[in-house]
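S.K.: Quick mapping for you: the protein sequence lines, in order, are chains A and B.
Here my numbering is used: the first residue of the first sequence is 1, the next is one more, and so on.
Here my numbering is used: the first residue of the second sequence is 1, the next is one more, and so on.
Since the hints were made in silico from the structure, they are not lab data.
Bear in mind that the values here come from a model prediction, so they are computed numbers and not experimental data.
Note that the Cβ used here is the ideal one computed from N, Cα and C, for glycine as well.
Any given hint could turn out to be false.
Across the chosen pairs, the derived CB separations fall in these ranges [what the hints assert, rightly or not]:
#1 A:Asp63 with B:Glu54: 38 to 46 Å
#2 A:Asn10 with B:Val84: 18 to 26 Å
#3 A:Pro55 with B:Asp38: 28 to 36 Å
#4 B:Asp38 with A:Ala2: 15 to 23 Å
#5 B:Glu15 with A:Val12: 17 to 25 Å
#6 A:Ser38 with B:Val44: 41 to 49 Å
#7 B:Leu45 with A:Thr112: 42 to 50 Å
#8 A:Asn10 with B:Asn75: 15 to 23 Å
#9 B:Val44 with A:Thr30: 32 to 40 Å
#10 B:Tyr50 with A:Ser27: 19 to 27 Å
#11 A:Asn10 with B:Arg107: 37 to 45 Å
#12 A:Gln83 with B:Gln9: 48 to 56 Å
Some residues of chain B that are not near chain A, with every Cβ distance over 10 Å (derived) [to be verified]:
#13 Leu4
#14 Asp18
#15 Ser27
#16 Val44
#17 Ala48
#18 Asn58
#19 Leu61
#20 Asn75
#21 Pro81
#22 Ser82
#23 Asp83
#24 Val84
#25 Phe88
#26 Lys99
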Amino acid sequence: GAGVSQSPSNKVTEKGKDVELRCDPISGHTALYWYRQSLGQGLEFLIYFQGNSAPDKSGLPSDRFSAERTGGSVSTLTIQRTQQEDSAVYLCASSSPPSTDTQYFGPGTRLTVL
Amino acid sequence: GQQLNQSPQSMFIQEGEDVSMNCTSSSIFNTWLWYKQDPGEGPVLLIALYKAGELTSNGRLTAQFGITRKDSFLNISASIPSDVGIYFCAGYDTGTASKLTFGTGTRLQVTL
Numbered sequence: 001g002a003g004v005s006q007s008p009s010n011k012v013t014e015k016g017k018d019v020e021l022r023c024d025p026i027s028g029h030t031a032l033y034w035y036r037q038s039l040g041q042g043l044e045f046l047i048y049f050q051g052n053s054a055p056d057k058s059g060l061p062s063d064r065f066s067a068e069r070t071g072g073s074v075s076t077l078t079i080q081r082t083q084q085e086d087s088a089v090y091l092c093a094s095s096s097p098p099s100t101d102t103q104y105f106g107p108g109t110r111l112t113v114l
Numbered sequence: 001g002q003q004l005n006q007s008p009q010s011m012f013i014q015e016g017e018d019v020s021m022n023c024t025s026s027s028i029f030n031t032w033l034w035y036k037q038d039p040g041e042g043p044v045l046l047i048a049l050y051k052a053g054e055l056t057s058n059g060r061l062t063a064q065f066g067i068t069r070k071d072s073f074l075n076i077s078a079s080i081p082s083d084v085g086i087y088f089c090a091g092y093d094t095g096t097a098s099k100l101t102f103g104t105g106t107r108l109q110v111t112l
């Protein structure tokens with residue numbers, strides 16, 4: 001079956017512009033996660049969805065970052081007024097109870113802010 | 001945010017050699033996971049460990065969940081060129097109910 005997909009694969013934007021990153025989780029997976037990976041670093045948790053609600057937004061670095069999920073499926077991560085320090089790979093993962101700890105990752109979106 | 005301490009940061013080995021890497025934390029985790037990430041790809045799950053002291057194998061990979069629940073190691077036997085990549089450990093605490101905490105990664109490079 002299809003895995004987690006993300007689009008676009010690469011995004012180059014100018015400082016100050018808004019960007020939207022999309023994640024399509026594995027069909028039937030109720031949990032969805034966003035992580036950020038800076039160059040040469042590990043993964044940094046951003047936000048977690050269970051269904052359409054986000055019980056844990058603790059990792060969002062600022063109020064310029066927001067995310068939503070609709071229909072218990074697709075999720076969009078929005079970064080407003082992008083800054084150069086937002087440049088990173090944004091990874092999405094999904095999982096399904098009871099194995100909520102076993103997360104399956106998408107290929108990521110590489111964001112470059114000029 | 002919290003990260004797990006993973007070592008070594010990088011290693012060069014010859015094809016056929018065995019590899020060992022480990023991960024330590026100041027916090028207890030209920031699940032330890034090991035992922036491999038190839039360039040331009042997302043991490044792929046290799047092994048999941050659910051019980052303290054558990055030793056699990058997946059082909060040439062063997063991983064153990066430390067008895068204190070604060071550490072884990074991953075061994076790769078008889079390395080081959082396709083083992084090249086970055087290996088991440090990750091811990092899951094049911095108390096957080098959501099996120100994985102990732103290690104800093106071990107970059108493995110194999111010389112022929």
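S.K.: If a hint holds in the structure, say so; if it doesn't, say that too.
M.R.: Hints and how they fare:
Remark: the range hint 38 to 46 Å for aspartate 63 of chain A to glutamate 54 of chain B is upheld by a beta-carbon distance near 42 Å. Separated by about 23 Å at the C-beta atoms, asparagine 10 of chain A and valine 84 of chain B satisfy the suggested range of 18 to 26 Å. Taking the beta carbon of each, proline 55 of chain A and aspartate 38 of chain B are about 32 Å apart, inside 28 to 36 Å as hinted. Take aspartate 38 of chain B and alanine 2 of chain A: their Cβ atoms lie about 19 Å apart, and the range 15 to 23 Å holds.
In this structure the supplied range 17 to 25 Å is violated for glutamate 15 of chain B paired with valine 12 of chain A, their Cβ-Cβ distance being about 38 Å. In this structure, serine 38 of chain A and valine 44 of chain B break the distance hint of 41 to 49 Å, their C-beta atoms being roughly 20 Å apart. Here the CB-CB span from leucine 45 of chain B to threonine 112 of chain A is close to 28 Å, at odds with the stated 42 to 50 Å. Distance hint check: the CB atoms of asparagine 10 of chain A and asparagine 75 of chain B are about 35 Å apart, inconsistent with the given range 15 to 23 Å.
Hint check: valine 44 of chain B to threonine 30 of chain A, Cβ distance near 21 Å, so the stated range 32 to 40 Å is violated. For tyrosine 50 of chain B paired with serine 27 of chain A, a C-beta distance near 25 Å keeps the hint of 19 to 27 Å intact. In this structure the hint that asparagine 10 of chain A and arginine 107 of chain B lie 37 to 45 Å apart at CB is violated, the actual value being about 22 Å. For glutamine 83 of chain A paired with glutamine 9 of chain B, a C-beta distance near 28 Å fails the hint of 48 to 56 Å.
Non-interface call for leucine 4 of chain B relative to chain A: violated, since the shortest CB-CB distance, roughly 8 Å, does not exceed 10 Å. Against chain A, the non-interface label of aspartate 18 of chain B holds: every CB pair exceeds 10 Å, the least being about 24 Å. With a cut of 10 Å on Cβ distances, serine 27 of chain B stays outside the contact zone with chain A, its closest approach being about 14 Å. Against the 10 Å criterion, valine 44 of chain B falls within the reach of chain A, whose nearest CB is about 7 Å from its own CB.
For alanine 48 of chain B, the non-interface assignment is contradicted: its Cβ lies about 6 Å from the closest Cβ of chain A, within the 10 Å cut-off. No Cβ of chain A approaches the Cβ of asparagine 58 of chain B within 10 Å, the least distance being about 13 Å, so the stated non-interface status holds. Against chain A, the non-interface label of leucine 61 of chain B holds: every CB pair exceeds 10 Å, the least being about 16 Å. Its beta-carbon lying about 21 Å from the closest one in chain A, asparagine 75 of chain B satisfies the requirement of being farther than 10 Å from that chain.
Annotated as non-interface, proline 81 of chain B keeps its C-beta farther than 10 Å from every C-beta of chain A; the closest such distance is 22 Å. Its beta-carbon lying about 18 Å from the closest one in chain A, serine 82 of chain B satisfies the requirement of being farther than 10 Å from that chain. No Cβ of chain A approaches the Cβ of aspartate 83 of chain B within 10 Å, the least distance being about 19 Å, so the stated non-interface status holds. The claim that valine 84 of chain B is not at the interface with chain A holds, since no C-beta of that chain comes within 10 Å of its own (minimum 16 Å).
Its closest Cβ contact with chain A, about 6 Å, brings phenylalanine 88 of chain B to no more than 10 Å, contrary to its assignment away from the interface. With 10 Å as the threshold on Cβ separation, the claim that lysine 99 of chain B sits away from chain A is violated: the shortest Cβ distance comes to roughly 4 Å.
Violated hints, in rising order: 5, 6, 7, 8, 9, 11, 12, 13, 16, 17, 25, 26; the structure is consistent with all others.
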